[in-house]
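Given chain A's structure and the hints, the job is docking chain B onto it.
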Amino acid sequence: MNRAIRMHADDSVAVLLCDAKKGDVLHVFDINNAFLFDIAVNENILYGNKVALHDIPEHSEIVKYGQSIGISTREIAKGCLVHVQNVKSLSVDIPDSIRREIIRQMHITD
Amino acid sequence: MEFLGYERADGSVGIRSKILIIAVDECCEGIARRIAREDKDSVVVTNWYTCMLGGNEETFYQMIALGQNPNAAGAIVISMGCGSILPSQIADPIRKTGKPVFELTCQHEGGTLKTIAKGIEYIKEIRKEIDLLKPVKVPLSRLVVGVKCGGSDTSSGIASNPAVGLAVDKLIDAGASCIGGELFELIGCEHKLLERAVSEEVKERILGLIRNEKLRWGVEGAQVETMSIGNCTGGLTTIEEKSLGALHKMGTKPIQGVLQINRYGVEKIKARGFYLSETTMLCGGAGVNFASLGAQMILWTSGAAGYECPLLPVIRVSGNTQLYNDDMDIDARGILLGTAGIADVAEAICQKVLSVAGGEKTALEGIGFSTMTLYQKDVRVENLLKLPCYK
Chain A
1 MNRAIRMHAD
11 DSVAVLLCDA
21 KKGDVLHVFD
31 INNAFLFDIA
41 VNENILYGNK
51 VALHDIPEHS
61 EIVKYGQSIG
71 ISTREIAKGC
81 LVHVQNVKSL
91 SVDIPDSIRR
101 EIIRQMHITD
Chain B
111 MEFLGYERAD
121 GSVGIRSKIL
131 IIAVDECCEG
141 IARRIAREDK
151 DSVVVTNWYT
161 CMLGGNEETF
171 YQMIALGQNP
181 NAAGAIVISM
191 GCGSILPSQI
201 ADPIRKTGKP
211 VFELTCQHEG
221 GTLKTIAKGI
231 EYIKEIRKEI
241 DLLKPVKVPL
251 SRLVVGVKCG
261 GSDTSSGIAS
271 NPAVGLAVDK
281 LIDAGASCIG
291 GELFELIGCE
301 HKLLERAVSE
311 EVKERILGLI
321 RNEKLRWGVE
331 GAQVETMSIG
341 NCTGGLTTIE
351 EKSLGALHKM
361 GTKPIQGVLQ
371 INRYGVEKIK
381 ARGFYLSETT
391 MLCGGAGVNF
401 ASLGAQMILW
411 TSGAAGYECP
421 LLPVIRVSGN
431 TQLYNDDMDI
441 DARGILLGTA
451 GIADVAEAIC
461 QKVLSVAGGE
471 KTALEGIGFS
481 TMTLYQKDVR
491 VENLLKLPCY
501 K
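Listed in order, the protein sequences are those of chains A and B.
Taken in order, the first sequence gives residues 1 to 110; the numbers are from the numbering used here.
Taken in order, the second sequence gives residues 111 to 501; the numbers are from the numbering used here.
Isolated chain A (complex conformation) (with noise of 0.2 angstroms):
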């Protein structure tokens, strides 16, 4: 099953537990397994990362675990992948160089 899970109901992620594809609807749940809602990803994401449930101004917090998880770096649209590419630390960010080797090893569109 296609399925992702949200940490807290704050949160404006949720962790995909499987790979999809662009157009692929994830069944959101909550920690104690409650169904929450379903989403249509903008893109291919894979397993453990994170999609936008809603639409994500630039310059604004990422919340996780009901926390500031970092800050977008450029808009992000509902159903897109929050990563590395769109998200940076607030405390100690990753070396530029760095980033571009992950964004490269997962293939993300950049």
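One should not assume that every hint holds.
[What the hints assert, rightly or not] To list a few chain A residues with every Cβ distance to chain B over 12 angstroms, as calculated:
no., residue
1, H54
2, H59
3, A77
4, P95
[Stated by the list, open to error] With a cut-off of at most 30 angstroms between alpha-carbon atoms, the simulated DSSO-like pairs for lysine-lysine come out as follows:
no., chain 1, residue 1, chain 2, residue 2
5, B, K496, A, K88
6, A, K88, B, K302
7, B, K206, B, K380
8, A, K78, A, K21
9, B, K471, B, K378
10, A, K88, B, K487
11, B, K244, B, K206
12, A, K88, B, K324
[As the list claims (entries may be wrong)] Distance ranges between label pairs, derived from CB positions:
no., chain 1, residue 1, chain 2, residue 2, range
13, B, V308, A, D19, 44 to 50 angstroms
14, A, T73, B, T160, 28 to 34 angstroms
15, B, G451, A, H27, 35 to 41 angstroms
16, B, G331, A, E61, 25 to 31 angstroms
17, B, L325, A, E61, 23 to 29 angstroms
18, A, T73, B, L495, 26 to 32 angstroms
19, B, V308, A, N32, 30 to 36 angstroms
20, B, G121, A, G66, 31 to 37 angstroms
21, B, E117, A, E43, 58 to 64 angstroms
22, B, E117, A, H27, 36 to 42 angstroms
Because the hints were derived from the structure by calculation, they are not lab data.
Predicted model, so just to flag it, every value in this text is computed and none were measured.
Virtual Cβ for every residue (Gly too), placed ideally from N, Cα, C.
The following block gives chain B in isolation, referenced to the frame of chain A:
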């Protein structure tokens, strides 16, 4: 709850009986490895920061503390003889624990071959003493467990870390002590940790030592990887995300103290309960840090990383449904699949801790293992950044 362990002369309890071979300088590593080949339970630790003592005090104190770890039943301390660290400086404090300790200085023994020959005699003598040891039943209060994540991915924060956190709480309720570390990865979690501190002094240490890590790793113009590529390809995006997931494994019990590992020494636990420590987030070094602090075992949450420490058994826990493999000791995948609760996995972890403490081998014990990496903070950086220690 009780387990079968090996009581040492100083009252500490080992869950394994290893022979530690300490190469106090990098030049005698080959000698140490050759001697180690003579016994399956030997563990080599090499100081690869040169043979000098000045500037390498953190490594020096860790070498002593490793020999004092209850899982070491005996030790052989070897030097080339031309450096600044004498074998006796390491061997004497280890000997005070009552275990057999031998010293070898290559230049005094007449060279490499003679040193190896004598080392082989020594390792056989230690083996004879180990063979006489009988395990005895001891209460769980004698067990100290290090808790760490390595090779983290998004499944860690959802499955294995929450399960280990609950197991940590249960183990502490049953009398054991647990030690967390990776202070760098607790940046942003300070408010949650302060609520758990047992005193103002502990609060001050939590804030000060986490701040030190932030300054140490965040030097402008010297960007370093604080998130591995593997962490990110596994789905983690920022250090904040990794930290919030990582915090789950620390349980919820009061924090009794923050143990320092620095140029002045290695602190040990006093009361039972949960502790934080300066154990590094870097995997190989973390195993050695935990051993220095006196832990006999490590609980390790991971995506699929087969980390093993040759001195301390490591119980690996993974909930990654795509990468889970034979290296793992505890299967937490059911939490992600909706087929198991966090409490079920926590119970399985506690049972495994007891059985491994009692001698059961972990999935990787004696098979794969990490280098005994002696991680130390650079004293020059510490001074330039004016990072405080606590006395």
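A quick look at each hint next to the structure:
1. H54: Correct as stated: the minimum Cβ-Cβ distance to chain B is 17 angstroms, above 12 angstroms.
2. H59: 15 angstroms, holds
3. A77: It holds; A77/A is separated from chain B by about 17 angstroms at its closest Cβ, greater than 12 angstroms.
4. P95: Violated: least Cβ distance 4 angstroms, not greater than 12 angstroms.
5. K496/B with K88/A: The hint holds at about 28 angstroms.
6. K88/A with K302/B: OK: K88/A and K302/B at ~23 angstroms, within 30 angstroms.
7. K206/B with K380/B: At roughly 19 angstroms apart (the allowed maximum being 30 angstroms), K380/B and K206/B satisfy the hint.
8. K78/A with K21/A: 15 angstroms, holds
9. K471/B with K378/B: 27 angstroms, holds
10. K88/A with K487/B: 27 angstroms, holds
11. K244/B with K206/B: Given pair K244/B, K206/B holds - Cα atoms ~21 angstroms apart, limit 30 angstroms.
12. K88/A with K324/B: Answer holds: K88/A to K324/B is near 17 angstroms, not above 30 angstroms.
13. V308/B with D19/A: 44 to 50 angstroms: 46 angstroms, holds
14. T73/A with T160/B: 28 to 34 angstroms: 43 angstroms, violated
15. G451/B with H27/A: 35 to 41 angstroms: At 20 angstroms between Cβs, range violated.
16. G331/B with E61/A: 25 to 31 angstroms: 27 angstroms Cβ-Cβ, so the 25 to 31 angstroms window holds.
17. L325/B with E61/A: 23 to 29 angstroms: Cβ of L325/B to Cβ of E61/A: about 24 angstroms, so the range 23 to 29 angstroms holds.
18. T73/A with L495/B: 26 to 32 angstroms: 29 angstroms, holds
19. V308/B with N32/A: 30 to 36 angstroms: The hinted range 30 to 36 angstroms holds for V308/B and N32/A, with Cβ atoms some 32 angstroms apart.
20. G121/B with G66/A: 31 to 37 angstroms: 45 angstroms, violated
21. E117/B with E43/A: 58 to 64 angstroms: 60 angstroms, holds
22. E117/B with H27/A: 36 to 42 angstroms: 54 angstroms, violated
Of the numbered hints listed earlier, those contradicted by the structure are 4, 14, 15, 20 and 22.
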